[in-house]
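Novice: Each chain, letter by letter, is given below.
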Amino acid sequence: MSAPSYGLIATFNTAPELYHAAEQVRDAGYRNWDCITPFPVHGLDKAMGLKRSIVPRISLAGGITGFCTGMTMIWWTGAVDYKLIVGGKPYFSPMFAFPVSYELTILFTAFATIIGMFVLNGLPMHYHPVLKYDQIRKGMDDTFFIVIEARDPRFNLANTKALLEKAGGKAIAELEP
Amino acid sequence: MAHAEHAAAANPILQEVKPASLPRAVLVENNRSFSWITEKICNIIEGKTPTWWWVCFILACFVASFTVAGIVYLVATGVGVWGHANPVNWAWDIVNFVFWIGIGHAGTLISAILCLLRQKWRTSINRAAEAMTIFAVVCAAIFPVFHVGRVWYAWYLFPIPNSNVIWQNFRSPLEWDVFAVSTYGTVSVLFWYVGLIPDLAVLRDRFFAAGNKFRSFLYGLFAMGWRGSNRHWSNYEMAYLILAGISTPLVLSVHTIVSFDFAVSLLPGWHTTIFPPYFVAGAIFSGFGMVLTLMLPLRAVYGLQDLITQYHIDCMCKITLATGTIVGYAYGMEFFIAWYGANPYEGFAFVNRAFGHYAWAYWIMISCNVITPQFFWFKKIRENTALVWILSIFVNVGMWFERFVIIVTSLARDFLPSSWGYYSPSIVEIFTFFGTFGVFSVLFLLFIRFLPVMPMAELKAVTPQADVHGGHDHH
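Chains as they are written, first to last, in numbering that gives the first Met the number 0: chain P, 0 to 176; chain Z, 0 to 474.
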């Protein structure tokens, strides 16, 4: 059935129920699906078959950029652009440039981490079919959902619904796009 | 297994030894449900503004006006209205700066270092402690910024191209401090904000359901469209862990660099290698003092005893005890090195601290910082909330005096006896410092009124029912 829906949403009342249902959806071979949880459920990434987040790589790139920015800035301003003798000390040394470069490493890492996290998550996205679900408020409180998107190649309204029911999902509903 | 049996046979005593089963401290008492946590925290924001809040807020605004008055007078007149005179060029302004920045450190310690150490008890206090950090940095920043005198040139602190084409002196620890403190403020805000996102989404949906479109829009705007997706949580948790990982070296470096302001100089009493660790320990000590000062009334007023349990108070008291003892050790070690180093100037600086004109300040410092935390050895005292609160005030007072003793006694007796003097603050300094408590309180009151005082998502994650293998495991 090619209904113009976003997908199916199923409700689970406890974290263990969601966890075991997620394992079944994963094993059924779905790809475009998600769990909605009010807090990060420990171990759910594995149950969903998610790979390790790549945020750390972005953070590392940010950190290296920050350190190089600090060193370059201090070298260029003090030893190239405007040389000034202060206390008979050298125009540039990595020793005195270190504290500032260290702080900039942390500053740039923080920005890279947060921006990286937002970009990877596709946020900010203030409109989303899941947010239109009338019970979504509970998903922020104490209820858990599994959403299987219609664009998943294995999606079939009847079969997918049967899978979610078998996995223990309640109040299975279609989401408006 | 066979190996273990073999070992047991060789040592019959091993068969009698059973591993002890230590009960884990409960982090949320009375087995509260997820929605109880949501209701408890959100009701603080959604309920009617309590009368005590208005009373405190108006009082805090009044106190804050002293800072405004002091600063306006300083900007209109000049930095000479402060009681500084050569050689005491740093006094209350830097004392207050170090005092406030140190208070901030406990917030970052709780949110970052305890996160890395997997100390789950941090969850209920980390949001408020991080807020405390940010507001303390705001109060701290006031002092050095206005100490530059012509505050409209404060942007010269940053390497921004200007018409004089000259750049900052990066060889100076004061310039390092500019970067340390501004990075610290920025990263603290970012860390705090990332932690807030899931909770803002909760408020967005609750206000929407309650029909308050305006507040739903505002919370929703900052919630960035968070929808609790586990694919998002995966990246989010990693980002949070990295932020904790970088905040840890950050918090240690900030007070290290603050101590470099002193340690890199040549002044007796300042020029010591013990300063960085001693300052960091002192900062955490003072910060935990302030966390206790803030959290205990908050817990009582909002009835949060199930979330901030006796176990939490015990942990905070013990950290205060540990860091306070480190600080006490540092005081002793400073004296030992002053004697052992056989430098007459260094020796004089320390004898002068304890027995000179400022001896009164020194002994206030010793009694508040060394003696006060020792009471926390006793369980009876840790369980007496009112007493813990009073002791935490002593810690705050003592740590202010520590910075006063370090800065003023060393400067007032420098190398040239002809320039020796006795520094006293002017009324403008006293006003400005007194008012910062109002600034801090105003910000903190706004925080507890409009933002969730505890991270709901993190609290839910440490409850027993969040464990997917707890009792319901089919494997």
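These are calculated hints, taken from the structure and not from any lab test.
Since this is a predicted model, take the numbers as computed values, not measurements.
We treat Cβ as the ideally placed atom computed from N, Cα and C, and that holds for glycine.
Just to be clear, a hint being listed does not mean it is correct.
Stated by the list, open to error - Example chain P residues on the side facing chain Z (calculated, C-beta under 8 Å, incomplete):
#, residue
1, Pro-15
2, Ser-52
3, Tyr-101
Novice: None of the hints should be skipped; say for each whether it holds.
Specialist: Hints versus structure:
1. Satisfaction of the interface hint for Pro-15(P) is found here, the shortest Cβ-Cβ separation to chain Z being roughly 4 Å, below the 8 Å cut-off.
2. A distance limit of 8 Å between C-beta atoms decides the matter here; for Ser-52(P) the minimum to chain Z is near 4 Å, and the interface restraint holds.
3. Interface hint at Tyr-101(P): satisfied, since its Cβ lies 6 Å from the closest Cβ of chain Z, which is below the 8 Å cut-off.
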